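A.B. asks: Turn these sequences into a full structure, and let the hints steer you where they fit.
Protein chains in written order, with our numbering: chain A, 1 to 112; chain B, 113 to 224.
These aren't lab readings, by the way, just hints derived from the structure by calculation. Note that the structure is predicted; figures quoted are calculated from it, not measured. Just so it is clear, CB atoms sit at the ideal spot from N, CA and C, and this is done for glycine as well. Among the clues, some could well be false.
Said to hold, decoys possible - Derived DEER-like restraints, expressed as beta-carbon distance ranges:
(1) B:T119 / A:G59: 26 to 34 Å
(2) B:E208 / A:N52: 13 to 21 Å
(3) A:F95 / B:R175: 28 to 36 Å
As the list claims (entries may be wrong) - Listed next, the in silico DSBU-like pairs over lysine-lysine satisfying Cα-Cα at most 35 Å (straight line):
(4) A:K99 / B:K153
(5) A:K99 / B:K131
(6) A:K69 / A:K99
(7) B:K131 / A:K56
(8) A:K99 / B:K121
(9) A:K70 / B:K131
(10) B:K152 / B:K134
(11) B:K164 / A:K70
(12) B:K164 / B:K183
(13) B:K152 / A:K26
(14) B:K164 / A:K56
These are the residues of each chain, in order.
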Amino acid sequence: SQQGEEDPQALSIQEGENATMNCSYKTSINNLQWYRQNSGRGLVHLILIRSNEREKHSGRLRVTLDTSKKSSSLLITASRAADTASYFCATDATFGNEKLTFGTGTRLTIIP
Amino acid sequence: DTAVSQTPKYLVTQMGNDKSIKCEQNLGHDTMYWYKQDSKKFLKIMFSYNNKELIINETVPNRFSPKSPDKAHLNLHINSLELGDSAVYFCASSPEPADTQYFGPGTRLTVL
Numbered sequence: 001s002q003q004g005e006e007d008p009q010a011l012s013i014q015e016g017e018n019a020t021m022n023c024s025y026k027t028s029i030n031n032l033q034w035y036r037q038n039s040g041r042g043l044v045h046l047i048l049i050r051s052n053e054r055e056k057h058s059g060r061l062r063v064t065l066d067t068s069k070k071s072s073s074l075l076i077t078a079s080r081a082a083d084t085a086s087y088f089c090a091t092d093a094t095f096g097n098e099k100l101t102f103g104t105g106t107r108l109t110i111i112p
Numbered sequence: 113d114t115a116v117s118q119t120p121k122y123l124v125t126q127m128g129n130d131k132s133i134k135c136e137q138n139l140g141h142d143t144m145y146w147y148k149q150d151s152k153k154f155l156k157i158m159f160s161y162n163n164k165e166l167i168i169n170e171t172v173p174n175r176f177s178p179k180s181p182d183k184a185h186l187n188l189h190i191n192s193l194e195l196g197d198s199a200v201y202f203c204a205s206s207p208e209p210a211d212t213q214y215f216g217p218g219t220r221l222t223v224l
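C.D. replies: Below, the structure is given as structure tokens:
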């Protein structure tokens, strides 16, 4: 079954606004990762958060992890047109045979 | 320098044919993967190799056969192509299993 599911499936915001995407998962994890995929390209790693961490920052990105709720959120502040892409969470399940299971993705569109 | 490269980028072929996709990484990683992304952008792991040994084989039809001649290369051969094989195939690598992954640009396979 699908480990991670992103919410919303699609999000459109004005340039300069903040974008928040959520990821829910089902089993205990070692880490959770966020990736970006521009149209027609491969995925690019954004940030990794371990199960014993609650929050992590990287530039305009902020990721939170709530293991009690089995959820994570990705916040992109001061969005830019170049942030238009699909965003995926991926989980390394504790008993998951050393693989990442990707979520369904959120399609983010930044309106100039 | 391209970190993870795949060839070809596009592959159009008839049902029943056999085709191969090649992948190379110059990151010195021990682990390599093949993923399939369908038309709904759902990304699913197919195979994973660690130090040239197969560690993950996710109920993929045996028409698909991966080969890892060395740690830097992971090729995918597909026999008797079917319409349902049409998808984008991504190669990826990571320092160790389920770690941060680096993706290739993808190979769009279209089976007619």
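A.B. asks: Now, for every hint given, state plainly whether the structure supports it.
C.D. replies: Hints, verified against the model:
The beta-carbon spacing between T119 of chain B and G59 of chain A, approximately 33 Å, falls within the hinted interval of 26 to 34 Å. In this structure the supplied range 13 to 21 Å holds for E208 of chain B paired with N52 of chain A, their Cβ-Cβ distance being about 18 Å. Between F95 of chain A and R175 of chain B the CB atoms are about 29 Å apart, so this pair conforms to the stated range of 28 to 36 Å. Distance check on the hinted pair: K99 of chain A and K153 of chain B sit about 19 Å apart at the alpha-carbon level, within 35 Å; holds.
About 26 Å separates the Cα atoms of K99 of chain A and K131 of chain B, which keeps this hinted pair within 35 Å; it holds. As the CA atoms of K69 of chain A and K99 of chain A are separated by approximately 22 Å, the hinted pair is consistent with the 35 Å bound. Distance restraint check for K131 of chain B and K56 of chain A: the Cα-Cα separation of roughly 43 Å exceeds the 35 Å cut-off, and the hinted pair is therefore not satisfied. For the hint linking K99 of chain A to K121 of chain B, the alpha-carbon distance of about 25 Å falls within 35 Å, and the restraint holds.
A distance of roughly 41 Å separates the Cα atoms of K70 of chain A and K131 of chain B; the hinted pair therefore is violated under the 35 Å criterion. Note on K152 of chain B and K134 of chain B: the hinted pairing holds, with a Cα-Cα distance of about 24 Å set against a maximum of 35 Å. The suggested pairing of K164 of chain B with K70 of chain A holds, with an alpha-carbon distance near 34 Å, which does not exceed 35 Å. A distance of roughly 6 Å separates the Cα atoms of K164 of chain B and K183 of chain B; the hinted pair therefore holds under the 35 Å criterion.
A C-alpha spacing of about 21 Å is found between K152 of chain B and K26 of chain A, which places the hinted pair at or below 35 Å, so the restraint holds. Proposed proximity of K164 of chain B and K56 of chain A is supported: the alpha carbons are some 34 Å apart, at most 35 Å.
Consistency note: the structure conflicts with the earlier hints numbered 7, 9.
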